[in-house]
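Residue strings, one per chain:
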Amino acid sequence: GAVVSQHPSWVICKSGTSVKIECRSLDFQATTMFWYRQFPKQSLMLMATSNEGSKATYEQGVEKDKFLINHASLTLSTLTVTSAHPEDSSFYICSARDNGFWNYEQYFGPGTRLTVT
Amino acid sequence: AQKVTQAQTEISVVEKEDVTLDCVYETRDTTYYLFWYKQPPSGELVFLIRRNSFDEQNEISGRYSWNFQKSTSSFNFTITASQVVDSAVYFCALSEANNQGGKLIFGQGTELSVKP
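Those sequence lines, one after another, are chains A and B. Numbering of the first sequence is given in my numbering, commencing with residue 1 and proceeding in unit increments. Numbering of the second sequence is given in my numbering, commencing with residue 1 and proceeding in unit increments.
These are computed hints drawn from the structure, not numbers from a lab. Worth double-checking, as some hints may not be accurate.
Stated by the list, open to error - Under the rule of at most 25 Å between Cα atoms (straight-line distance), these lysine-lysine pairs were calculated in the DSS-like manner:
1) B/Lys115 <-> A/Lys41
2) A/Lys14 <-> A/Lys55
3) B/Lys16 <-> B/Lys115
4) B/Lys70 <-> A/Lys41
5) B/Lys38 <-> B/Lys115
6) A/Lys14 <-> A/Lys41
7) A/Lys41 <-> B/Lys3
8) A/Lys14 <-> A/Lys66
9) A/Lys66 <-> A/Lys20
Said to hold, decoys possible - Selected chain B positions facing chain A (in silico; Cβ < 8 Å):
10) Pro41
11) Trp66
12) Ile79
13) Lys103
14) Gln108
Backbone N, C-alpha and C define an ideal beta-carbon position, used for all residues, glycine too.
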């Protein structure tokens, strides 16, 4: 089956620093990738839709200057949390939509647990 | 507006009991997709099923079964003879065909605890 990887799987950083999270589709091409955030005991909330070669589309309430998304190739999207603060501590999950499927088949990465101290 | 509601926040059962997780959705689209995912403590989402709006047939996969009823906008999930390994958070999700690339709207999730 299709595989999506995320790196790193967990990261601890200090307040004020930036952290980059990678999302890769390993065996398929993905024009569209999605970034979700999940706080403890809560559901997944879509942050943004990442489109290869164009600007990401952010959901209402998500600061685009704080959560920088780059989708430079058909297999890689990155999420950079800039000037991270403790309230950004969360579980970040990406998913990738397989270009080869018309029925919106998408695959999830294993997630990245971010802790900001 | 699109919305998914999982009214059951937590369910606790004893092993071998049957359990049904409820999911009610709202959408204005006629073409949409419904999903169920399992999220064990590790956090990784496990895909369970996808259903399109034109296929109302119920589905059975081993101990899992799904009941899709458009008339009540529900897509319920039943685990038969539950096992401890079924303990996880289960999410129901909706994707509309007309939105951007098929983004998913998740319900609040139901935490299932199966006790031995």
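Quick rundown of the hints versus the structure:
For the given pair, B/Lys115 sits about 20 Å from A/Lys41 by alpha-carbon distance, which is consistent with the 25 Å threshold. Taking the CA atoms of A/Lys14 and A/Lys55, the gap is near 28 Å; set against the 25 Å cutoff, the hint is violated. Between B/Lys16 and B/Lys115 the CA atoms are separated by roughly 9 Å; this keeps the pair inside 25 Å, and the hint holds. Distance check on the hinted pair: B/Lys70 and A/Lys41 sit about 29 Å apart at the alpha-carbon level, beyond 25 Å; violated.
Taken as a hint, the B/Lys38 and B/Lys115 pair is honoured in the structure, with Cα atoms around 18 Å apart against an allowance of 25 Å. In summary, the hint linking A/Lys14 to A/Lys41 is supported, as the alpha carbons are separated by about 24 Å, within the 25 Å threshold. Proximity of A/Lys41 to B/Lys3 is assessed by CA-CA distance (about 19 Å); at most 25 Å being required, the pair is judged to hold. With a CA separation close to 16 Å, the supplied pair A/Lys14 and A/Lys66 stays within the 25 Å bound.
The suggested pairing of A/Lys66 with A/Lys20 holds, with an alpha-carbon distance near 12 Å, which does not exceed 25 Å. With a least beta-carbon distance of about 12 Å to chain A, the hint placing B/Pro41 at the interface is violated under the 8 Å criterion. Checking B/Trp66 against chain A: minimum C-beta separation of about 17 Å lies over 8 Å; hint violated. Against a cut-off of 8 Å between C-beta atoms, the interface hint on B/Ile79 is violated, since the closest Cβ of chain A lies about 20 Å away.
For B/Lys103, the suggested interface contact is upheld, since its CB lies about 6 Å from the closest CB of chain A, less than 8 Å. Interface hint at B/Gln108: satisfied, since its Cβ lies 5 Å from the closest Cβ of chain A, which is below the 8 Å cut-off.
The structure fails to meet hints 2, 4, 10, 11 and 12 from the earlier list, while all remaining hints are met.
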